[in-house]
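With the sequences and hints as input, model every part of the structure.
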Amino acid sequence: MPTRKLTVPPGGRILHIGPHKTGTTALQGAFHTARERLAAHGVLYPGTARQPVSAALAKIGVEFPGPSGTPVREHLDVFLQRERPRAERWEKLCAEVAAAEEKRVVISTEYFSNAGDEAAHDVVQELGGDRLHVVVTLRSLLKILPSQWQQYVRNGLHHSYEEWLDAMFRQAPYVDPTPSFWRRHRHDALVRRWARAAGPENVTVLVQDETDQEMQLRVFEELAGLPDGFLAYDGRDNRSLTRAEVEMVLQLNKEAHDRGWSQDRYGKVIRAGALRRMRDSYRPGSDEPRVTTPEWAVAEAAALGEEMSAAIAGLGVRVIGDPATLAKRPSAPSAAAPDRPVLPSAVAAEAVLGGILAAGAQPDGQRKPTPAARQGKQGPVLDRPVRDVDAKTLLRIVAGRGLRRFRR
379 MPTRKLTVPP GGRILHIGPH KTGTTALQGA FHTARERLAA HGVLYPGTAR QPVSAALAKI
439 GVEFPGPSGT PVREHLDVFL QRERPRAERW EKLCAEVAAA EEKRVVISTE YFSNAGDEAA
499 HDVVQELGGD RLHVVVTLRS LLKILPSQWQ QYVRNGLHHS YEEWLDAMFR QAPYVDPTPS
559 FWRRHRHDAL VRRWARAAGP ENVTVLVQDE TDQEMQLRVF EELAGLPDGF LAYDGRDNRS
619 LTRAEVEMVL QLNKEAHDRG WSQDRYGKVI RAGALRRMRD SYRPGSDEPR VTTPEWAVAE
679 AAALGEEMSA AIAGLGVRVI GDPATLAKRP SAPSAAAPDR PVLPSAVAAE AVLGGILAAG
739 AQPDGQRKPT PAARQGKQGP VLDRPVRDVD AKTLLRIVAG RGLRRFRR
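Converting from the sequence shown to this note's numbering requires adding 378 to each position, the first position being numbered 1.
In case anyone wonders, no lab produced these hints; they're calculated from the structure. Treat each hint with caution, since some may be false.
Said to hold, decoys possible - Heads up, simulated SDA-like pairs for lysine to any residue below, C-alpha to C-alpha not over 25 Å straight-line:
(1) K383 / G577
(2) K481 / Q529
(3) K481 / K646
(4) K646 / Q459
(5) K646 / Q529
As the list claims (entries may be wrong) - For each label pair, taking beta carbons as the anchor points, the in silico distance ranges come out as:
(6) R637 / G389: 26 to 36 Å
(7) R614 / E474: 16 to 26 Å
(8) S446 / E496: 30 to 40 Å
(9) T448 / A427: 44 to 54 Å
Glycine residues also receive a C-beta, built at the ideal position from the N, C-alpha and C atoms.
Here is the structure:
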């Protein structure tokens, strides 16, 4: 582990900018739950939420530069779907940070990784100038790709993993359908942008050790001058989806897209209904297949990881961890994904129930058996037990009920 010389001076400001899918949720949860205890050590984690997303977006905006210079919106991110927050959100954060005076302050939200050059410069100046130290947490692009794609799917993406990879790696200008991806995950450009804004001597790149799940906590304890073991994960489960689960959500997304659902309707019926119920109520077995990256994309990501690692090494920033892992390929080729992932009936049941409840229609548990059921025959689909209905039909039930309940 690093020595205590990593600790920023009293009055220092630590700005953690992510990017997404680098352990940010767990780190923010650790600081959030320790908020009251931090005060005894002269450390402030400002605000009342896990992360100051609204404040960050009030400053940097919710748009990205498009291929012709025209701003574009990211519609596959819950926070970026909304209008730009009012400037008062940012001003309130800056005022709280300034009022901390000689306390150390830790600010963490991955949405700062969306910032362009000018916005990054302004963020540094308005949060502390020379007192500010920027921390960028990184992991291998090969780890990020399936995780980030899943996150986009949870927010409505209806492109398959292979289609999305092809768009991000092979279809210039590599913007559609997710303009946020390379702004966040072209890691050399990200570090360079913030090194220019804060000065390379005020930037630390923390490369995650995948074998040490508490590495980030220990490094941030040292940066903030906290005792070893002070921070602990809050137990919030942000598990990834299995191949079958994500394929189910993908089919729901296609149904919603084909039916022209609004973002509000999609958010309530699928994201906050079917998907949340499925993730909260079902724990997949270790033998259930996960999303796997095709070999051509593994090669592309590994080559790009090597290029980014070399570029970061030449920026003059402090690097903690092994930058070589940013380009490390799997020890064995990725296993081929099953042609037709098997969806456990429990997953389908929870997803359908969640969608129905979110749509405001609860199934009648007291319904009497139908004549067809009493004769051992299959009756109308809505009269059958969930275990007897195929996944594709279940998806249409969720979509159909949502459509009827949410006509606008």
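Hint-by-hint comparison with the structure:
1. K383 / G577: The given pair, whose Cα atoms are some 19 Å apart, holds under the 25 Å limit.
2. K481 / Q529: Not OK: K481 and Q529 at ~35 Å, beyond 25 Å, violated.
3. K481 / K646: Roughly 41 Å between the alpha carbons, so the hint for K481 and K646 is violated.
4. K646 / Q459: OK: K646 and Q459 at ~14 Å, within 25 Å.
5. K646 / Q529: Holds - the C-alpha atoms of Q529 and K646 are around 16 Å apart, at most 25 Å.
6. R637 / G389: 26 to 36 Å: The hinted range 26 to 36 Å is violated for R637 and G389, with Cβ atoms some 55 Å apart.
7. R614 / E474: 16 to 26 Å: holds (24 Å)
8. S446 / E496: 30 to 40 Å: Given range 30 to 40 Å: violated, Cβ gap about 19 Å.
9. T448 / A427: 44 to 54 Å: violated (32 Å)
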